[in-house]
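K.L.:
Construct the complete structure from the given sequences, taking the supplied hints into account.
There are 2 protein chains.
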Amino acid sequence: MKKYDKVVKNAAGRLVPTIINGEEHIPYQGVGKYKPTGRKHAPSISSCADYPADGNKTLSSLKEALIKAGLKDGMTISSHHHFRNGDLIAKQVFDIAHEMGVKDLRWYPSASFPCQADLIKYLEDGTINRIEGSMNGPLGKFTSEGKMKGMSILRSHGGRYQAIQDGEVQIDIAIIAAPTADAFGNATGDRGPAACGLLGFALGDSQYADKVIVVTDNLVPFPCIPWQIHGNYVDYVVVVDKVGLPERIVSGTTQITKSPDRLLIAEMTAQFCDEAEIIKDGFSYQAGAGGTALSIGNYFRDILKDRGWKARFIRAGSNKYPVQMLEEGLVDYILDGQTFDLEGVRSMRENAGHVNTSPFTSYNYHGKGNFASMVDVVILGATEVDVDFNANVVTHSDGYLLHGIGGWQNCLFAKTTIIPIPLFRDRMPVILDEVTTLCGPGELIDVIVTERGIAINPLRKDLLEKMKNSSLPIKTIHELKGEAERICGKPEKPALSDEFVSVIKWVDGTVIDAVRKV
Amino acid sequence: MKKYDKVVKNAAGRLVPTIINGEEHIPYQGVGKYKPTGRKHAPSISSCADYPADGNKTLSSLKEALIKAGLKDGMTISSHHHFRNGDLIAKQVFDIAHEMGVKDLRWYPSASFPCQADLIKYLEDGTINRIEGSMNGPLGKFTSEGKMKGMSILRSHGGRYQAIQDGEVQIDIAIIAAPTADAFGNATGDRGPAACGLLGFALGDSQYADKVIVVTDNLVPFPCIPWQIHGNYVDYVVVVDKVGLPERIVSGTTQITKSPDRLLIAEMTAQFCDEAEIIKDGFSYQAGAGGTALSIGNYFRDILKDRGWKARFIRAGSNKYPVQMLEEGLVDYILDGQTFDLEGVRSMRENAGHVNTSPFTSYNYHGKGNFASMVDVVILGATEVDVDFNANVVTHSDGYLLHGIGGWQNCLFAKTTIIPIPLFRDRMPVILDEVTTLCGPGELIDVIVTERGIAINPLRKDLLEKMKNSSLPIKTIHELKGEAERICGKPEKPALSDEFVSVIKWVDGTVIDAVRKV
Chain A
0 MKKYDKVVKN AAGRLVPTII NGEEHIPYQG VGKYKPTGRK HAPSISSCAD
50 YPADGNKTLS SLKEALIKAG LKDGMTISSH HHFRNGDLIA KQVFDIAHEM
100 GVKDLRWYPS ASFPCQADLI KYLEDGTINR IEGSMNGPLG KFTSEGKMKG
150 MSILRSHGGR YQAIQDGEVQ IDIAIIAAPT ADAFGNATGD RGPAACGLLG
200 FALGDSQYAD KVIVVTDNLV PFPCIPWQIH GNYVDYVVVV DKVGLPERIV
250 SGTTQITKSP DRLLIAEMTA QFCDEAEIIK DGFSYQAGAG GTALSIGNYF
300 RDILKDRGWK ARFIRAGSNK YPVQMLEEGL VDYILDGQTF DLEGVRSMRE
350 NAGHVNTSPF TSYNYHGKGN FASMVDVVIL GATEVDVDFN ANVVTHSDGY
400 LLHGIGGWQN CLFAKTTIIP IPLFRDRMPV ILDEVTTLCG PGELIDVIVT
450 ERGIAINPLR KDLLEKMKNS SLPIKTIHEL KGEAERICGK PEKPALSDEF
500 VSVIKWVDGT VIDAVRKV
Chain B
0 MKKYDKVVKN AAGRLVPTII NGEEHIPYQG VGKYKPTGRK HAPSISSCAD
50 YPADGNKTLS SLKEALIKAG LKDGMTISSH HHFRNGDLIA KQVFDIAHEM
100 GVKDLRWYPS ASFPCQADLI KYLEDGTINR IEGSMNGPLG KFTSEGKMKG
150 MSILRSHGGR YQAIQDGEVQ IDIAIIAAPT ADAFGNATGD RGPAACGLLG
200 FALGDSQYAD KVIVVTDNLV PFPCIPWQIH GNYVDYVVVV DKVGLPERIV
250 SGTTQITKSP DRLLIAEMTA QFCDEAEIIK DGFSYQAGAG GTALSIGNYF
300 RDILKDRGWK ARFIRAGSNK YPVQMLEEGL VDYILDGQTF DLEGVRSMRE
350 NAGHVNTSPF TSYNYHGKGN FASMVDVVIL GATEVDVDFN ANVVTHSDGY
400 LLHGIGGWQN CLFAKTTIIP IPLFRDRMPV ILDEVTTLCG PGELIDVIVT
450 ERGIAINPLR KDLLEKMKNS SLPIKTIHEL KGEAERICGK PEKPALSDEF
500 VSVIKWVDGT VIDAVRKV
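Just so you know, the sequences run in chain order A and B.
Going by numbering that gives the first Met the number 0, the first sequence opens with residue 0, and the numbers climb by one from there.
Going by numbering that gives the first Met the number 0, the second sequence opens with residue 0, and the numbers climb by one from there.
There could be a bad hint or two in this list.
Just so you know, same-sequence chains aren't split out, so a pair can sit in one copy or run between any two.
[As the list claims (entries may be wrong)] With a Cα cut of at most 25 Å, we get these calculated DMTMM-like pairs of lysine to aspartate or glutamate:
hint	residue 1	residue 2
1	K210	D165
2	K465	D53
3	K8	E442
4	K5	D53
5	K120	E167
6	K210	E167
7	K67	D331
8	K309	E349
9	K516	E23
10	K148	D49
11	K414	D53
12	K309	E123
13	K304	E274
14	K5	E464
15	K309	D273
It should be emphasised that the hints constitute simulated quantities derived from the structure, not laboratory data.
Nothing here was measured: the structure is a model prediction, and the numbers come from that model.
P.N.:
Printed below as a string of structure tokens:
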């Protein structure tokens, strides 16, 4: 089977395949342009007559569960990444598959991490045909070099739920590693020796997969409360010694930046939000867990505190900073999609105002609305931005695919999207004529904040008007690009092959761009 | 269209129609015998592009919402009964339908109550073709008299969810009256001026209906926490002056019985459970909100307290008695399906151990298991029992259909099912040769407790063995029937027409019995 076929130019002017791994996909048609017409995926109807009346679904091993679930060639196996770089279970699944001689699996993780680099050997020997999901680090590099047998497909968190819900990806076996569970399969992430906070990334898997296996190292008597995952969706429960390494849940930067440039960018961003009257009593925001974003959150906190205001909610990736704000009464709710540190886990367990969300509630574009578009301001990162405000979040300027999309695309629907980035990294300008990989259409990106100036998207006349007398260095995107090039020189485009190794889905399941082999 | 057609004898020996309201239904095949083979109902895929980005789905009136939802002849309209006899919204929906000249609607309530007796006029004039759902009181009487144009179908709470999930009943418009909601449609029952506790009966409606309307009298800023109903399933939100009468949520008896006979039955039941070693540290039970059941719960409480034991969970219909046990530390969790008094509402709002459940988690027979079969002992009522331990819960001995099934059928799957009933009511024996209407197959009913003796189902050899030296009056069901007949005389069968007016579904969607016109 060809990895891909029938390349067309999509509405963003990008060349993308429309046959991928033998299946038909729709090219990107513009923001809000593609209208789905079908029905949601309909799982088979089960019967209680086929499940133990006493609710005890435990089996003796993961292997037994995989055999009972009917593991065979060509199946789709899903997993979640709430343990982040402390995952222990996904690898075991493929060890067993390899031992059983099963081939050509599609792995559908919500994200993969460097701790899963061992799986490269199974990508090489054909146990795994391809990964459809974010690939952070080594697996991304492997993909970039064209070594994956199948074609990888990257989706946002919301796009992953959408693909499951719409039946675009039918999961045969979902593996849900759970810090606490009961024998019926009710499961929670907020407690237990390997507590990771929540299990929202596995929600869609539980609802729509054919077979669902919960793996835990902390079996409690029924009922496991809270039941973030409903046992009513679960087929088998397996108890293992250790389900994850909680100390490695904290991955990436979750400390406020100390870099003077980044602190400056953070301060400028906060001042911008203040002057543009985005920050107000009852406002809402989402800022990531990177150093700059955390620092911006800190400025927001100071402003709220000084003025006696309160945010209505913070959308998170939570960590100790929003938790502190919740506990200080500076925000009513944290609507949390994943916990980035153990303070986040604790707060979610203890505080009814720290609320468990999922890609269904927050990001699914094929729902009756979602939370992302209700957020007043979202602060996002990017590897590259271009003069049309398009942004890239998955490839570096050398073309290597090293990051997942996460909730990034979904968050672009916030009322205001701000990307605070340094004007150059390692003497490579970050603002280009055209991004290497298109992940976010410029029309959804409102403001670029750099240490040398702030560019407002011309579409946002309201913001331009509000900031016209600002003391902040408001410039055009072309001016910013010019400054970077004066300092670093005009960057050369990376020398990439014509061959595609991966495609990037837009939030509605259409193909927005393809990633080329390095 | 004929109301019904193709009458066959089902596996319980009952004559039942297999064509009902023009649609094909499967006759009952025995407990656990019918295996579904299809797929769940697949709702249309939505797109956020069709919903307001700011999340504001409010419309100015219920009428506007019904028009936007496309209300037209022949549609299925659903509602929930968490306000019990204090519902104010269902009637308004049909007032509007009548005003618009819409005809032949199928009303699919989770239950109807005497406060909805006004709807009889719409059943008469053809606005409503039929009710599929429990009918308590006047609407049941109307049905029994053969006056409903269509054929009514009664389902248990679990059966109602199953029918929605399986696509047997496709809801066009779900009306969800909510004590608190936000403009996005997130809704909760546990707070607000008309707080009714929870909204679990509307869960399936929200997930599977084509259009979902949330009606509230307490609109709060996003996010409404907790979100018992997810706004992501909701199309429109309507604000009204008053959504329900909380003082009428308390309907039926929710006081401990004072009748000496019933107190005796309660005491015997508790003693039976104790001697049979059903009550133990960590056990679980479900007892209804009737006076006898409450009294039994009180005895259980005393036993736990005396011995320093703790129940793991109480399945409820909650009221002040289990709430008190939760607060005294005599039970870890209340797994609550509906609140029967305002103490239940308060507890659900305040206590994380008082957990919101739904027919999906608790009762859906077409899930991967449900909670009902994990309960150690369930205490249920019945209008009639027969010598094969079959029971009736919907018709009186005069044949009138005056009660809904509720969760009764679903609860029969508990490890032990006990029916404590007086041996006769108004000098009518309660134990008969054959029940008027078969709701629960005898093989699932383990013990009948009357004031004059206890009958154990011969299938439960373990219980017979355990009780063989008991001081309790253990008798055969025939002995009990004989005693009643010695006192009251042999009861005459009610004189009923051959015409059917309603059918009773079993938990798996098959037809277990039909109700005859009086």
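K.L.:
Is it within a copy, between copies, both, or neither that the alpha carbon of K516 lies no farther than 25 Å from that of E23?
P.N.:
within (22 Å within a copy, 57 Å between copies)
K.L.:
With identical chains, the pair K309 and E349 could be close in the same copy or across copies; at 25 Å between alpha carbons, which is it: within, between, both, or neither?
P.N.:
both (21 Å within a copy, 23 Å between copies)
K.L.:
Give the relationship of K120 and E167 under a CA distance limit of 25 Å: within one copy only, between copies only, both, or neither.
P.N.:
neither (27 Å within a copy, 48 Å between copies)
K.L.:
Pop the pair K304 and E274 into one bin, within, between, both or neither, using alpha-carbon distances up to 25 Å.
P.N.:
Within. Shortest intra-copy distance 17 Å satisfies the 25 Å Cα cut-off; inter-copy 63 Å does not.
K.L.:
For K309 vs D273, is the C-alpha pair at or below 25 Å within one copy, between two copies, both, or neither?
P.N.:
within (14 Å within a copy, 55 Å between copies)
K.L.:
Within a copy, between copies, both or neither: which one fits K5 and D53 at a CA-CA cutoff of 25 Å?
P.N.:
Answer is neither; intra-copy 53 Å and inter-copy 38 Å both fail.
K.L.:
Is it within, between, both, or neither for K465 and D53, if the alpha carbons may be no more than 25 Å apart?
P.N.:
Intra 64 Å, inter 21 Å, cutoff 25 Å: inter-copy only.
K.L.:
With identical chains, the pair K148 and D49 could be close in the same copy or across copies; at 25 Å between alpha carbons, which is it: within, between, both, or neither?
P.N.:
For K148 and D49, the Cα distance exceeds 25 Å both inside one copy (38 Å) and across copies (38 Å).
K.L.:
Under a CA distance limit of 25 Å, which applies to K414 and D53: within one copy, between copies, both, or neither?
P.N.:
Between copies only: 8 Å across, 49 Å inside.
K.L.:
Please work out whether the CA atoms of K67 and D331 approach to 25 Å or closer within one copy, between two copies, in both situations, or in neither?
P.N.:
Neither: 45 Å inside a copy, 34 Å across copies.
K.L.:
25 Å Cα cut-off: does K210 pair with E167 within a copy, between copies, both or neither?
P.N.:
For K210 and E167, both the intra-copy (17 Å) and inter-copy (24 Å) Cα distances are at most 25 Å.
K.L.:
If the cut is 25 Å between Cα atoms, do K309 and E123 qualify within a copy, between copies, both or neither?
P.N.:
Answer is neither; intra-copy 53 Å and inter-copy 55 Å both fail.
Consistency with the previously given hints fails for numbers 4, 5, 7, 10, 12 and 14, ordered from lowest to highest.
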